[in-house]
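Visitor: Spelled out from the first residue to the last, the chains are:
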Amino acid sequence: MIHISVQQSTIDIAAEMTRAEAAGAGAVATFTGLVRADDGVGTLELEHYPGATEAALLKVAEGAVERWGLSAAIIVHRVGPMQPGERIVFVAATAAHRGAALEACAYLIDRLKTDAPFWKRETRGVTASWVEARDVDHAAAERWDRPEA
Amino acid sequence: MIHISVQQSTIDIAAEMTRAEAAGAGAVATFTGLVRADDGVGTLELEHYPGATEAALLKVAEGAVERWGLSAAIIVHRVGPMQPGERIVFVAATAAHRGAALEACAYLIDRLKTDAPFWKRETRGVTASWVEARDVDHAAAERWDRPEA
Amino acid sequence: MAKIRMVYFAWVRERIGTGEETVEPPASVATVADLVDWLAEISVGHAEAFENRARLRAAVDQEFVPLDTPIGRAQEIAIFPPVTGG
Amino acid sequence: MAKIRMVYFAWVRERIGTGEETVEPPASVATVADLVDWLAEISVGHAEAFENRARLRAAVDQEFVPLDTPIGRAQEIAIFPPVTGG
Numbered sequence: 001m002i003h004i005s006v007q008q009s010t011i012d013i014a015a016e017m018t019r020a021e022a023a024g025a026g027a028v029a030t031f032t033g034l035v036r037a038d039d040g041v042g043t044l045e046l047e048h049y050p051g052a053t054e055a056a057l058l059k060v061a062e063g064a065v066e067r068w069g070l071s072a073a074i075i076v077h078r079v080g081p082m083q084p085g086e087r088i089v090f091v092a093a094t095a096a097h098r099g100a101a102l103e104a105c106a107y108l109i110d111r112l113k114t115d116a117p118f119w120k121r122e123t124r125g126v127t128a129s130w131v132e133a134r135d136v137d138h139a140a141a142e143r144w145d146r147p148e149a
Numbered sequence: 001m002i003h004i005s006v007q008q009s010t011i012d013i014a015a016e017m018t019r020a021e022a023a024g025a026g027a028v029a030t031f032t033g034l035v036r037a038d039d040g041v042g043t044l045e046l047e048h049y050p051g052a053t054e055a056a057l058l059k060v061a062e063g064a065v066e067r068w069g070l071s072a073a074i075i076v077h078r079v080g081p082m083q084p085g086e087r088i089v090f091v092a093a094t095a096a097h098r099g100a101a102l103e104a105c106a107y108l109i110d111r112l113k114t115d116a117p118f119w120k121r122e123t124r125g126v127t128a129s130w131v132e133a134r135d136v137d138h139a140a141a142e143r144w145d146r147p148e149a
Numbered sequence: 001m002a003k004i005r006m007v008y009f010a011w012v013r014e015r016i017g018t019g020e021e022t023v024e025p026p027a028s029v030a031t032v033a034d035l036v037d038w039l040a041e042i043s044v045g046h047a048e049a050f051e052n053r054a055r056l057r058a059a060v061d062q063e064f065v066p067l068d069t070p071i072g073r074a075q076e077i078a079i080f081p082p083v084t085g086g
Numbered sequence: 001m002a003k004i005r006m007v008y009f010a011w012v013r014e015r016i017g018t019g020e021e022t023v024e025p026p027a028s029v030a031t032v033a034d035l036v037d038w039l040a041e042i043s044v045g046h047a048e049a050f051e052n053r054a055r056l057r058a059a060v061d062q063e064f065v066p067l068d069t070p071i072g073r074a075q076e077i078a079i080f081p082p083v084t085g086g
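Residue numbers (our numbering), protein chains in the order written: chain A, 1 to 149; chain B, 1 to 149; chain C, 1 to 86; chain D, 1 to 86.
Warning: the hint list may mix true and false statements.
[Said to hold, decoys possible] The calculated EDC-like cross-link candidates involving lysine to aspartate or glutamate, where the alpha carbons are at most 20 Å apart (straight line), are:
id, chain 1, residue 1, chain 2, residue 2
1, B, LYS59, D, GLU63
2, A, LYS59, C, ASP61
3, B, LYS59, D, ASP61
The hints are simulated quantities; they were obtained by calculation from the structure and are not laboratory data.
Isolated chain A (complex conformation):
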């Protein structure tokens, strides 16, 4: 089961967990990214590339399902304006055993960070600025391409 959602509305963790658990397997690993409440950001706005975003997320999820034999992969990403403390992204991987679920969960969020067309704009006080991409994200995504990974 693959579930992809790019949405304006807030992310309902309980509903997404129910979806992840419905597969009947033993292990669910999740990652949730939040708008940090502790570094002065007033509003975060997420822009995306409609159509291409969903296709990119589907490709990431399919890659994880195939590589780890997942029974479920979920990616939910918000777009539009959001406030500190709100969830930006939620990913979940369901597998028979925890090793596969944990690794696949890390893969989902690492690849999403570099492969999906989202752009963040932060407002701090009266200043809005586009968030710069981080090299460390590319390093994290690329480790899944190495033969030993």
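With chain A held as given, fit chains B, C and D onto it using these hints.
Guide: Chains B, C and D alone, transformed into the frame defined by chain A:
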């Protein structure tokens, strides 16, 4: 923030996530273990060592908080009888960045598997049997002791 | 050459002043990089958006590609900064 | 030697037939392993529970310890199978 619970009641993911997110940091990784619904188990029963269990879980959580500088570590473990599909265990790690949250989450569940006094008994049809410990769990827990881990 | 629907995101969109436009580049424009060079001549906004090619990424018909990719018979080409989701 | 509260879990508890008992081993019982040897003589149930020492784990005053750990002034000693939680 550390939250440990050993409980008869079902695990409320939404409530636990709210707790994990209250710390105000940017990244929450979770792992949920379920009674598998697909391998013929009718009932799973969890026995534990009251007092020693809570102390062991606290030690695991403190180890993670210290090692990864977490703002929150949560371990909730059910005891008593439970049905296929129900949650046995939930762990969460909250950190400023995803790498720390994901690693600490894996640490919490790996160490819990070998360091906390819980015993599982499965009923399949009319036969009840104690689940055997798996060597692979010890290997998973011990990797965190290696200097390169 | 056929018409191409250009789409722009984030600060590329802001500097150009629009998220979308239709262009008809000459036949000499063979790759996405050629297209960026040609578009940079159109307006001050385009020039500013495309100032630093190392900070630009592209998609041809919604597939992410390197800038030296041939345009071929593309219908939609997107130019944008490195992505920052998640 | 002082009295020790013994606690048992899972199939160790089931084979012994109780989850808890108080014992007063002789002074010659120095380690947890000695205690297990001594307890194995008490009843058929104890003998069966402690049949295979490699499958036993122990805690002294709620601290997990190897079987060769000295008992010292322990008040509570637990004997149980390898743990299987999570």
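Visitor: Hint numbers the structure violates, sorted upward?
Guide: none
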